[in-house]
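Colleague: Chains A, B and C supply the protein sequences, listed in that same order. All letters in the first sequence, in the order written, are residues 1 to 262 by the UniProt record's numbering. All letters in the second sequence, in the order written, are residues 1 to 316 by the UniProt record's numbering. All letters in the third sequence, in the order written, are residues 1 to 291 by the UniProt record's numbering.
Don't read these hints as lab results, they were simulated from the structure. Treat the hints with care, since some could be wrong.
The calculated label-pair distances, taken between Cβ atoms and stated as ranges, are [said to hold, decoys possible]:
(1) A:S77 with C:E79: 17 to 23 Å
(2) C:A212 with A:L128: 36 to 42 Å
(3) A:E22 with C:N262: 30 to 36 Å
(4) C:P221 with B:A170: 30 to 36 Å
(5) B:K85 with C:P221: 41 to 47 Å
(6) A:L128 with B:N248: 28 to 34 Å
(7) B:S55 with A:S77: 55 to 61 Å
(8) C:V15 with B:F168: 51 to 57 Å
These stretches of chain A come out as covered by chain C in the derived footprint (C-beta under 8 Å, 3 or more residues) [to be verified]:
(9) 100-110
(10) 170-184
(11) 205-215
Coverage of chain C stretches by chain A, computed from C-beta distances (three or more under 8 Å per stretch; other residues unrestricted) [stated by the list, open to error]:
(12) 82-95
(13) 125-136
Virtual Cβ for every residue (Gly too), placed ideally from N, Cα, C.
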Amino acid sequence: MSSRIEILNDGGFRSDGRLPSELRSLAFDLSPQAGADGSAMVSHGLTQVLVSVFGPREAKSRAQTMHNRAALNVEVSVAPFSTSDRRRRGRGDKRVQEIVAMIKSTFEPVVQTALYPRSQIDIFVHVLQQDGGVLQASINATTLALTAAGVPLLDLVCAITAGVHSTSPDSPLLDLTTLEENDCPSVTVAVMPRSGKLTLVSLETRVHVDVFKGILEVVGEAGKVLSLEMKRAVLARTKMLKDAMGAGLRTAEFAEDAGGDE
Amino acid sequence: MITFTSFPVAPDPYLARNDDAADYLPDSDYMDVDLEEESDAGSSKLTCPGESITSSHAFMRGHGTYVENEEVISSVAGLIERVNKLVTVRALRTRYNPEVGDLVVGRITEVQPRRWKVDANSRQDAVLMLSSVNLPGGVQRRKLESDELQMRNFFEEGDLLVAEVQAFFADGAMSLHTRSLKYGKLRNGQLVTVPPILVRRLKSHFYTLPCGVDLILGLNGYIWVSKHVKENEQEGEEGFDAEAVYSNKNDEIDEATRTAISRVTNIIRVLATHSIPLTDTLLLEAYEWAIEADVDLKDLLQEDIGDALIAAVTNR
Amino acid sequence: MRPPSPSIPEKEFLVASLAQNLRIDGRSLLEMRPTRVLAHVDAKMVRPPPERPYEGIITVHSEISPMASSLYEPGRPSEEEVALSRMLDKVLRRSDTVDKEALCVLAGQRVWHLRLTIHCLADAGNLQDCACIAGIAALKHFRRPEVEVVGDEIIVHPPTSRAPVPLAMHHTPLNLTFAFFPDASTTSSSSSNAPVDTTSLDGPVPSSTSPAPQMLLDPSPLEATLASSTLALALNSQRELCVVHKAGGMPLSPADVLRAVNVATDRVRELVSRIDRDISTDWNSRGVEVQ
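One chain only, chain A, in its complex shape:
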């Protein structure tokens, strides 16, 4: 099912005008969802994912409770209107189940679950719009939502998708759109920026070993760039909260002093 649109033209530009190593516009929104302990909305171009985190809280079912650590519970829902062909994906959908399994296993070693025995951390992922890179957006949003909820993480995990087009195996394309995902072999990688190690590698299409090596290198670099952006968003929010609290505190102390004089 090859499209007539050129994935990479002779000038080295992609169908949406990006260079191979350019990411789509990123947006991180950490403003709180009512009720959730932490939430984040991440957009990579037209792909948009919202994640709410609840917990650590009392485990819902006895069977899931673990005496030595917290259980991670991931649920993914894909909005029927997220793709151009309106289609309902239930929770039983294999593709959805796989995203659940991948998010869960990516975060199990990263969240310090041992600090919360017998608890449960719920991660609800809502895919609002899809244009390629759903897994990468889901992982990035989950990282930010967990951070916003104050859940201790070893590192800010960030995920990124890369692919290669047959015309230029040497310059991997980053952050693929649906169009490109359909035509190129793609790899999704989750990086721990501190150590540069990979917690998730997922490739589903045929690609030569040598090309794969090239992709891994580029993706590692891109992950670091992305993680800086995420860090910036987290710090900006933290600073905002701190300043608000500081302003409130100063007034309160002043008022208390004044009250003492009267």
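Got chain A sorted already, so can you dock chains B and C onto it with the hints?
Modeller: What follows is chains B and C alone, placed relative to chain A:
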């Protein structure tokens, strides 16, 4: 190509200043900054997961950090704090971390043999043992089988109560007690929830506002706003009346009090959305402002009025 | 049912053996071992879906029956089963192993529908790799009846009149699972998470600069449980990767992943030639006779 809509407020000076987020972090002499300077320290006091803070040789790691490669590394986003050799990172948004002696407001989630499970916004439900509540008959006495059988007469699922953290179990779950006449079932008002960090540890967490409203600031971020009950009814060790303490019946509440309760609740919500720590003086000021400005109580939750309120109380 | 977790001495025994480059079943670190899976292919003719009139259909069914191991229960598909069927789907179907257009008999009218059914008979660990080998072998071994199209009519020649033909296969991807163990010197401190733990200040810690983790091929059930991470690679003898799946567990450096890829390329080449040899031996022993 990169845009940010990070928080719904004005552009952040931090973003403008730090073109490269990589190098904002402290260099080695950062830790020499004294704790006293903390209140006016800059953004360098902030950290986020995966950021290295200091060497693990010179410092001990506390909450919110872990050690790897002989470095103390932050695991949460928040403020770095240091007490002597202990380095901790305090997250600005997190669930309630209980400490013994804390006053909390909670809701019964489950009745189990000889104990209640209480949701207190913590990482696990708290436990209220039957032996930690005041039993009918006043004076301290042993609990009987009949008490076990009528546990639902004391607290049922869904009941709200105020209690004190008594101890911890081995797995970190907290045990509560209500063995004081100040504690027990909550009536005559409504609950409002705020992030726990906004409630600071104070001498007393029971307030009476002059508008005839009682406030119970639970350290877990659950706040009970209710009609004022006269002091003398609460006191007297011998005056323990099980019927009254465990009753599910609200008192008569007049319209003015109901309005006052709602107004206080809305003010707390506004302060919480602006992340302002709650104190009695601040609440009182906000309440006076709301009366002076003659704001309808439901309009308080509108964004512009909320902002005006915050501006009024923080810039005084 | 959650499988019973291994005891601490059991774990200690395995990890200590690994530190001396020994595996508990006597294999070397990168050696493989067979498990039992039955794979079966059948074909029928169907009308193709309108959106893909020129392509045949392949469906892969997999089933882990309780006979494979006492850990599996009948009824709802377990997590392993979902993972297995997803893996088989990706390796055998989505990577274009079989030329689907060659399965077309009459465009838009009739195509072959291949059903590959995989039954797991005994789970001695590493079911996924075994199921994948079985699936590939079954597809390679399968012969479909020859058909002839005359005008709009389709004649299916029974095997007695004309020799059945093998499937057109693009490549033969095989799945290999690697288990990673952190280097023995760092296993003792699995990141103690007590809020304040002064003992961990000078204890050894898993670190980014620690030596490369130990890598095992074809983990046994115990090894798979105890491994700190696993990596599944599917690739063919032309050194093309089809599936890379590593989710969770200990983070690996890109170099570790590439090390596994290199080992896997050699191993796959050996396996493919072995499968080809066995199939041709079998086929020669059958003595096809053209009448």
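Colleague: Can you tell me whether the CB distance of A:E22 to C:N262 sits inside 30 to 36 Å?
Modeller: At roughly 31 Å between Cβ atoms, C:N262 and A:E22 fall inside 30 to 36 Å, so the hint holds.
Colleague: Can the segment 205-215 of chain A be counted as covered by chain C under the rule of three residues or more with Cβ-Cβ separation shorter than 8 Å?
Modeller: holds (count 8)
Colleague: Are B:K85 and C:P221 spaced within 41 to 47 Å by their CB atoms?
Modeller: holds, 46 Å
Colleague: Hint says 17 to 23 Å; check whether the CB-CB distance for A:S77 and C:E79 agrees.
Modeller: The hint (17 to 23 Å, Cβ to Cβ) holds, given that A:S77 and C:E79 are roughly 19 Å apart.
Colleague: Given a hint of 36 to 42 Å, does the C-beta separation of C:A212 and A:L128 actually sit inside it?
Modeller: Once the Cβ atoms are compared, 41 Å apart, the range 36 to 42 Å for A:L128 and C:A212 holds.
Colleague: Taking a Cβ-to-Cβ distance below 8 Å as contact, does the segment 100-110 of chain A have at least three residues touching chain C?
Modeller: With 8 residues close enough to chain C, the hint holds.
Colleague: Taking 51 to 57 Å as the stated bounds, is the beta-carbon spacing between C:V15 and B:F168 within them?
Modeller: violated, 33 Å
Colleague: Under a C-beta cut-off of less than 8 Å, do 3 or more residues of the segment 170-184 of chain A approach chain C closely enough to confirm the stated coverage?
Modeller: Not satisfied, violated; 0 residues make the cut.
Colleague: Tell me if chain A covers the segment 125-136 of chain C under the three-residue, 8 Å CB rule, please?
Modeller: violated (count 0)
Colleague: Is the listed coverage of the segment 82-95 of chain C by chain A valid when you require three or more residues with a beta carbon under 8 Å from a beta carbon of that chain?
Modeller: Check passed, 8 qualifying residues.
Colleague: Given the hint of 30 to 36 Å, check if C:P221 and B:A170 actually sit that far apart at their C-beta atoms.
Modeller: holds, 32 Å
Colleague: Check the following: the C-beta atoms of B:S55 and A:S77 are separated by a distance inside 55 to 61 Å.
Modeller: For A:S77 against B:S55, whose Cβ atoms are near 45 Å apart, the range 55 to 61 Å is violated.
Hints 6, 7, 8, 10 and 13 from the earlier list are contradicted by this structure; the remaining hints agree with it.
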